[in-house]
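Mind assembling these two chains? They're in different frames, but the hints should get you there.
In order, the protein sequences belong to chains A and B. Under the working numbering, the first residue of the first sequence carries the number 1, and numbering increases by one thereafter. Under the working numbering, the first residue of the second sequence carries the number 1001, and numbering increases by one thereafter.
Errors might be hidden in some of the hints.
Stated by the list, open to error - What follows is a list of derived Cβ distance ranges for each label pair:
hint, chain 1, residue 1, chain 2, residue 2, range
1, A, S226, B, K1188, 54 to 64 Å
2, A, I203, B, A1192, 30 to 40 Å
3, B, Y1012, A, D189, 24 to 34 Å
4, A, E157, B, G1173, 53 to 63 Å
5, B, G1146, A, L85, 55 to 65 Å
6, B, Q1060, A, S226, 51 to 61 Å
7, B, E1080, A, T171, 28 to 38 Å
8, A, S226, B, E1070, 51 to 61 Å
9, B, S1065, A, P100, 56 to 66 Å
10, A, P74, B, P1246, 33 to 43 Å
Hints in this document: simulated from the structure, not taken from any laboratory. Where is the CB? At the ideal position from N, CA and C, for every residue including glycine.
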Amino acid sequence: MRFMSSLSIGQFIPGESFIHRLDPRCKIIATIILMTGLFMASGIPDFALWICLLVIFSTLSGIKLTTILRSGRPVLFLVLITVVLNLFWTPGSPLVRLGPLSVTREGLIVASSMGLRLLFLVIFAGILMMTTSPMAFSDGLERLMSPMAVLRFPTSEMAMMMTIALRFIPTLFEETDRILKAQISRGADFESGGLMRRARSFIPILVPLFVLVFQRAENLAVAMESRCYVPGAPRTRMNPLRWSGRDSSALACLSVFVLFAIFCDRYVFKIYLTWFAAQ
Amino acid sequence: MSIIADDISYTYNTGTPAESAALRGVSLTVERGEWVSIVGHTGSGKSTLAQHLNLLLTPQSGAISIDGVEVKPGSKRSREFRRRVGLVFQYPETQFFAETVRAEIEFAPSNWGSRGDVLKERVDEAVSSSGLDPLLLDKNPFTLSGGQRRRVAIASVIAMKPDYLVLDEPTAGLDATGIKELTQLLGKLRNAGLAVVQVTHDLRSALSLSDKILVLENGSCVVYGSPELVAEYLVDNPVRGLVIPPVVRFVSGLREKGIDIPLNSGLGEIIKSIEVFKGRL
Ligand SMILES: Nc1ncnc2c1ncn2[C@@H]1O[C@H](COP(=O)(O)OP(=O)(O)OP(=O)(O)O)[C@@H](O)[C@H]1O
Ligand SMILES: [Mg+2]
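The following block holds chain B by itself, in its conformation from the complex (with noise of 0.2 Å):
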């Protein structure tokens, strides 16, 4: 089970003097239950890649197949797809239109048909799995602190249960905490066995997080793969815009030294390493 973007391309005006390239035969596989982040300068086409995954754009030369059924644009099937991948936009909190919360998050269950007690039960659910307080339902969204839309959003997402999860920087305009506190709530969702889907600017939070990382320059796909080889990769050949952690390149120093770890290394396994490295001395 997973989604698959097989050699996509896309181009934004075609044929008018605005024609701009946005993807350029981009690669992509999303296992459910993975966490794949998609990295890169502005303008590299994220945004663009993750609305393909979400069928919102259909891609002028390549496929993407869900769940092992190749997506014809226009197919009937398509807004069902739409429902099993959710998408979370940048600045979710600007498409908000509801008098409450609860009327909010009951939007795109109600699209898809829930209706009475079913209806209920998802937004329970999605509220409490988005770790948002239930006694905000009955306010009004534009009330809420910044961190607190945010949930809002990604709950009214989570509620038509999707098994894949695409997020639009879902941390761009929050705070340290606010941004700590989303990604533990992402990691929660991811271990229920939602795939997670984040595009980010911010490559230390991608590199301690992914199972997998895809990092686009100019439409084109850089480099795809784990951590290790993202990290790797990276050090040798840096990529315009995309700073590389402190921590990668503190390791990267120790290994030039000769000390043989993982670039990707946590703080637990690169302090064990130096002093394993010292003993030997």
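Chain A extracted, bound-state conformation (with noise of 0.2 Å):
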């Protein structure tokens, strides 16, 4: 029987690296660049760099290079199909011929490179939510988008919700699969019938569900106003985040990577891209 694990994606690893200790704001933006990066430098050889830093990643955060790959593993699907559509429908000289189907020159290139882009996108935020609490990247997250406070944006609310919402993801997930089995104990049935039928007996899993939501969403709302909580109100943070000269160094390597990885692309790597063409 296939329960829902309640370790689920992308979720925070508690630790005491490097990459755990620097100011959540700093990882933010850091994860920014590295999207940036990858999608101004996506070619084939360039990916050997982008798999150097995950390496570098792995050795300063302590989690297993495994462990990180696997992070890409909820779009593993949606990478497949961009490489299949890239491989067969990008023109170019043909090298291979499936009947009307013909994988091309430039559909390989196109294709692997977006399917890598894809995957290194997801996995890189991946590690920013494995070393991150939730707590810590809602508060950086405040933090970074403080400014449009100005526009009268309400961030503190917004990151309140975040906070709440990415809480609750974990014990949503062990109610539902406390219901799930106690349903099943009960010879609740998922498998067999057709489509009306396997909808209609999800019915014994939502409704409890949802019932559970409310109440805690009520609870939850009760407790807080008892605390005296009013939504906007200027308050003070118990572990204010503290930007040391750390996170600046940090994030100056790594936009020196970065830059450094565009450069490679645009200079070094283009000749060899060039050759392959030629062949």
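Below is the structure:
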């Protein structure tokens, strides 16, 4: 029987490593820089550099490389579709023919770089989530968005909502698992019957789950109000974020690395690509 | 006719950072008509064991056999076995989904193919044997009181006519009257031939009600046997988080004074043996 694993994708892995201890703002900015870099340098050879970076991150965060790579698993299917589509639908000089379809040399290049790019985007985001606690993450995001408060954008409320939502994801998984088991032990059957019957068989899961979620939400709202939560009121923090020299240097190093990757992509690897295209 | 758990072990999230061993080599036998209690501190693996008895979890090592048949993982028959071993979850009222109590109780038997008159009969039987007021049948289960909801939850499992009834902390969150009534109800079901497996924190009720007790600590079996045996063991080797009932401590004090009575005696026996003792003086 397949039950939901409470350890869902991209979850925080507590630790005390260098990356864990960086300011969340630094990690969020770093992720944005990385993603930009990925878009600007996504030739096949560039990925040698990106893989080096993954190895460095793995060492600095104390998280096994396999665990880091595994965070790309949820999008594997999407990647596969992207690869297949690009492989067959990119015009160019054909390499292999499969009936009416043909794989072109250009298709091969585009498909693999698109697939890898997508995969690495998710993996880099995964590293952020694995090394940053949900609390720290939403704190960092709130601070980064705080300039928008001038435009009356409710940043602190947004951050609070996000914190609560993130906090409840694992709980919801656990509860779903429990309700699922309870109904299975009362003979619920999700696998047989037609589409309608199968859809209906989820009612015994969904109704208790909704009831539970509303109850939880109400309890939480009452608890927050009884502790005088006022949306948007100025408040101090228990663990104020501190930007240290370490964060600046980490960001600087990363920027240099990304610029280097872009430079390689533009000037060094070009030669290789020209050579490949000429073959 | 029995459930036999033979040396079963189970670890959650094997191979991930969140790995945690919940059961380490636990064995247990539940005969039909017996009352077995599983006691232990919070997190000791009681719920995990209960879910194994109902085949919701399959042991990673060891084996479970039900009525003489060893159940293999993914076996076609596990659905049939799951009917024979009814499991009432911790806080079972959180699984309610139907609009009426009747529909809630009909859920399990109809999943096993009962229809029409048979179904109605099953519901009526479950309602009467769980001591539920038949007037509640057309009410919305969400409007009932805590004790009533617990009864509905138990009735909804009894309605599938199990031979064994496993209850995970059935008295949690009930008041004293609710606990007493529920305990009486379980006693009645047991006398009607059902095996009752009760998971509980409460050593006192376990000692007075069970035929056998399994004490778990940290996933391992500390002691397993008759209430007398378990009481004897626990007086000498206290287990973290399990409170020895005052009566047992009192009796153990009497025994140190030379009064020879079983540790698990009731009030009547205690008084009688004190009188005998006084007579001897
Ligand atoms: N779904 C799960 N995923 C991961 N670990 C779990 C899961 N369920 C239980 N555990 C772990 O297994 C161990 C035993 O849990 P279990 O629920 O069986 O304890 P319990 O004796 O029923 O406790 P309680 O009295 O609090 O209900 C605990 O350490 C718990 O953290
Ligand atoms: Mg439990």
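#### Entry: Structure versus earlier hints - violations, ascending order
1, 4, 6 and 10
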